[in-house]
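Novice: One line per chain: the protein sequences are W, L, Y and V, in this order.
Residues 1 to 363 in the numbering used here are what the first sequence lists, from first letter to last.
Residues 1 to 363 in the numbering used here are what the second sequence lists, from first letter to last.
Residues 1 to 363 in the numbering used here are what the third sequence lists, from first letter to last.
Residues 1 to 363 in the numbering used here are what the fourth sequence lists, from first letter to last.
Please note that the accuracy of each hint is not assured.
Copies of the same chain look alike in the list, so a pair counts if it works inside one copy or between any two.
What the hints assert, rightly or not - Okay, derived cross-link-like pairs now, SDA-like style, lysine to any residue, Cα gap no bigger than 25 Å in a straight line:
1) LYS223 <-> PHE354
2) LYS220 <-> ASN186
3) LYS11 <-> TRP44
4) LYS11 <-> HIS329
5) LYS360 <-> GLY248
6) LYS360 <-> HIS342
7) LYS86 <-> ALA363
8) LYS274 <-> GLY325
9) LYS220 <-> GLU153
10) LYS40 <-> THR118
11) LYS130 <-> GLY320
12) LYS360 <-> PRO245
13) LYS40 <-> ALA55
14) LYS142 <-> GLU308
15) LYS142 <-> LEU282
To be clear, the hints were calculated from the coordinates, so they are not data collected in a lab.
This one's a predicted model, so the numbers in the text were calculated from it and none came from an experiment.
Number of protein chains: 4
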Amino acid sequence: MATAGGPSTKKGILERLDSGEVVIGDGGFLFTLEKRGYVKAGLWTPEAVVEHPNAVRQLHMEFLRAGSNVMQTFTFSASEDNMESKWEDINAAACDLAREVGAKGDALVAGGICQKSTYKHRKDEVRIKKIFRLQLEVFTRKNVDFVIAEYFEHAEEAVWAVEVLKETGKPVAATMCIGPEGDMNNVAPGACAVQLVKAGASIVGVNCRFGPTASLKTMKLMKEGLQAAGLTAHLMVQSLGFHTPDCGKGGFVDLPEYPFGMEPRVATRWDIQKYAREAYKLGVRFIGGCCGFEPYHIRAIAEELAPERGFLPPASEKHGSWGSGLDMHTKPWIRARARKEHWENLRPASGRPFCPSLSKPDA
Amino acid sequence: MATAGGPSTKKGILERLDSGEVVIGDGGFLFTLEKRGYVKAGLWTPEAVVEHPNAVRQLHMEFLRAGSNVMQTFTFSASEDNMESKWEDINAAACDLAREVGAKGDALVAGGICQKSTYKHRKDEVRIKKIFRLQLEVFTRKNVDFVIAEYFEHAEEAVWAVEVLKETGKPVAATMCIGPEGDMNNVAPGACAVQLVKAGASIVGVNCRFGPTASLKTMKLMKEGLQAAGLTAHLMVQSLGFHTPDCGKGGFVDLPEYPFGMEPRVATRWDIQKYAREAYKLGVRFIGGCCGFEPYHIRAIAEELAPERGFLPPASEKHGSWGSGLDMHTKPWIRARARKEHWENLRPASGRPFCPSLSKPDA
Amino acid sequence: MATAGGPSTKKGILERLDSGEVVIGDGGFLFTLEKRGYVKAGLWTPEAVVEHPNAVRQLHMEFLRAGSNVMQTFTFSASEDNMESKWEDINAAACDLAREVGAKGDALVAGGICQKSTYKHRKDEVRIKKIFRLQLEVFTRKNVDFVIAEYFEHAEEAVWAVEVLKETGKPVAATMCIGPEGDMNNVAPGACAVQLVKAGASIVGVNCRFGPTASLKTMKLMKEGLQAAGLTAHLMVQSLGFHTPDCGKGGFVDLPEYPFGMEPRVATRWDIQKYAREAYKLGVRFIGGCCGFEPYHIRAIAEELAPERGFLPPASEKHGSWGSGLDMHTKPWIRARARKEHWENLRPASGRPFCPSLSKPDA
Amino acid sequence: MATAGGPSTKKGILERLDSGEVVIGDGGFLFTLEKRGYVKAGLWTPEAVVEHPNAVRQLHMEFLRAGSNVMQTFTFSASEDNMESKWEDINAAACDLAREVGAKGDALVAGGICQKSTYKHRKDEVRIKKIFRLQLEVFTRKNVDFVIAEYFEHAEEAVWAVEVLKETGKPVAATMCIGPEGDMNNVAPGACAVQLVKAGASIVGVNCRFGPTASLKTMKLMKEGLQAAGLTAHLMVQSLGFHTPDCGKGGFVDLPEYPFGMEPRVATRWDIQKYAREAYKLGVRFIGGCCGFEPYHIRAIAEELAPERGFLPPASEKHGSWGSGLDMHTKPWIRARARKEHWENLRPASGRPFCPSLSKPDA
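When you get a sec, could you build the whole thing from the sequences and use the hints?
Specialist: Okay, here's the thing in structure tokens:
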């Protein structure tokens, strides 16, 4: 890894994407740190950045080591309306942690903001934009490399976010948490993408709420929408690390298993290699994950696209491609799993014969 | 948590068990750190303790915070025959990490040794005992609180281990990686337990290779074997965090999903609460986990047995009992999940309709 | 049952449908008689009408007793090109059997023709219409009550069939074996329905190839297509008795389980009651089944719609509504199943833990 | 088929078995005729033999055609205590139907009696034997070829039945409806078999309540029990046509799907070929089926054992071995299924992604 770093010496996000590079995002902080004991489900707020900075630093390190080129500030929901007086310290500390770890490798720092729960009740553009700006002031002070508006259910609010983010002068990415059926105001994915690009986003896509397959289906619709409108933008996908063929429009939060019974749905590393390959084929060049995406899933993206990128991530020192690390096992039937065919064709059993394959979403 | 600690000031493992306390073990280091990027599957060796001590320290911290009363030294397979010249540094560093973190709470340090791959080919008692003694010298020098012989497929070799461990004068625990069918020499679980206790183990049980249900079935057989022989010992269980109803005698390593496609089998926290309750009912008082057991699984043991123990672990500050953290959610159908009945009765879907429930073991 | 019958004394098919009656079709002869030993899979030809008339008569009787108002002549594929010199005798014998049994109750006789395998290779309208006319001459001579063009993959060929059937002067029904994606020439279901009605069909719909859920989805599209075109017609559905959520455009023949491993997919009687209710709600008034539909499935339609129709079928003397026949069982837990709630909410297990829920279609 | 027949001219059941012949039983009348509309679930009585003799005759014909060498009288539960004054006519008519159809081929007639519901409440040997004798008087008058005591949950009552059956002087077979756990008085399968043979049964085994796999496991235990006791007897198995890995001691009646939601559990013909082969390997030579066994399942036994027996059954004129009838299909991917490998390895999907693989038995 690089011995020094910082925004001035690294290629910027648009430089990378414009030159055709694959940029690997990071994975999910909320679910991963919930399992480690530092985030409370339901609240889903990032006070761990000040309460337990070592735990957050360690997770950043793991994503960096797995191949992430982006350290997203752990500032989800960390706006004034959610976190009261603590909000400013949290945003600042999150920026510092992301910068500190990003500097140990080839990763940029991205400041992220997300939707406000108040939008649904009262679409108060002025109030919402004001809250966005508070977080942005910290990001600007901390000089993040670029900014992301993520986890928006409504294109209208996402557009407001992009408009505010543009004021920073930094490159703007925008991802919505929608599936192929579109946003909660019934705006189709293609139209959402068009609105975001017209508002000034250079990078558009989806994050969270849906698994790899559904997210890529949505990306395809976004891409087609942009093409039909004669617009160009970089594409970005950060899907769940969970399989969700049985979700309705609301995504995984409506599944009865959310959030404490999602284990059987977790994607294998091989599922994620397929996701990375398909995203790449679709023309998506900013590929990462969201809830359920753990460091080894990010490594799987980096390994799948190593031929195109020309290098493996640091964590691959501990991972043989396609299970090759098993080739020295003493039992011949375990050695027989040290090959691509085994893992590519495996249909993993759940060990749960009393459980169904699919759920009926609540509501 | 306690601000200071050490073996001299803490109640020893036998004091605790003799007085009827529940002792909570820790979870799995190999699988957890493999996913975080620090352990290589196939090798399964703990060189991370010197290469990436922060990653190991952090995992110890998470288990401590989740409620573990035992910090097991991360020394699995760290014997001279596996790790060449590095073995001594690794054992020493592992002891220091376990001691450092254990001192931050109410946790004892346990030095662990495991079976030698050479046993199967050449049952050389002298050579094998010699290798055990090398690791033990480090544990003695580092003054661990007690010692564990774990992951033995053959009672004969486990007895050798217990005999060597007894030489330290420290309390000895011994767990075998067997299922209800018994060891690889066809010694039944009850007979295995009897041999281990006769050899000097104060605590006996099983770890690894089988999931919660099968492990408890084996424990029941061990208990019955001891009763029939008129022996008493403390019982200990550290099952996999994976469901394995479809395993044969060899356990999970024979499943085609091992080790890179186990995701759908991961136990939920609610599964582990049932496991903890059933273990307790069976009279097992040393309850922990092995591969697949992550910090939140350990927390689930601590939460399930909080009524008996009288306190919750530190990590429960981020976890409402039985999903109660969801009770402030804006969507009523998600709020409806904030209760025991929902999670206790949930049969979680895999989201994988092309996959079966069970696998046929290889070999 | 009526002691006498015949076309002259019964209400015709259009009289019934025009007056709002529900007409219950029959079920599948090919699959049912294959299991009974009288039809060869692959060939799927009805030589049993001359070789084993008692077996065919018995199945007609069972459908009549279950509530069918239509005895379809067992003439599937019984055209000159498939059956050589035997074709005429088979068509005649099939008409006689259908008439004989139909006369024992309130059932009409329908003569059925289906698609020609030659269509795909050479769309020879003249040749194909000529083959259709040969079968029709027998139907006319035997004076069937109405005629059905069924199992067409291409609207174009179905239109040819309808044009020929119109020449008989009898009411014409036309059903295609397509799913929601439309016909094999990419004509959507709505457009197919429009073409069939414009060609002269009074009754249109689907039969075979797809299960209850998919078939009703297609019917909805047909209905909407007709409404959009300002056309009216009676709607008819005769779905498979198998669940097929995993079929592609080609339907169940592309599933690897077709035709000898379909058992786990067979619909329960309760599944069929739902199908009947949903078909009714959609405005479909000619409701029957195709392959996999056995007599008890037809009875389930008749029982579900008994409130609307005002009577139960003869076979209901051997069937208590919603399992009520279990209420005298000696075991209380079996008696507890004698109620609608049990069967309506049951998710029946397959007893096959090594099998997946869904298949990937071949081709 | 033979143009004439009768007990005097055919080889008797013991002659056949003594000479090493495989005898193929018939399948299930109750479930099959329930689906056809002639038997009422819950009651499960055979009044159809007088009410609808054609339907019963037809099913006998189908089993004969599929290869059955035994026409069992359809007299299940047809004892005086269940059927009041009708009982005698029903037993007589059932014998006539079995004889009439059996005479059309190489099939013997077996008169069957089964357990009394009164046994559980009051073990009145005198009363129960008296009821058995009433049925037997009809069987004797109608001169059946041999007699079967079937569907007994308690060895004690089965022994009473055998004792009464022995009075007829005809060969006696006895099958219990138990699984590997033994009878309802906790008598193990081996001990049950021993008691039955000691009481005078020449043929012993199991029927009903459990699927193919469990039934063969029970047969193995019976065989071992007889061997250990130094007894010899012919072995007979007539399992369910349903898969029941999830049954407890009570068998399939305790499953929540019983009796109206068993469809996903129905065995394929290929499952039954395995069952026939394994039964044969175990030394069982009287192989048939019970509830859920339809004519094509019996044909599957006859086809699997055709190499040993030297001939195929009549119904195989409509069935190519291992799917070979598909080899003339126009679609290449369907033709590809015309081979043993496809069907032998197929794991058939249920098409029911919301349903589990296994159920928890009631009670």
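Novice: Which of the listed hints are broken here?
Specialist: When the structure is compared with the hints, numbers 1, 3, 4, 7, 11, 14 and 15 turn out to be violated.
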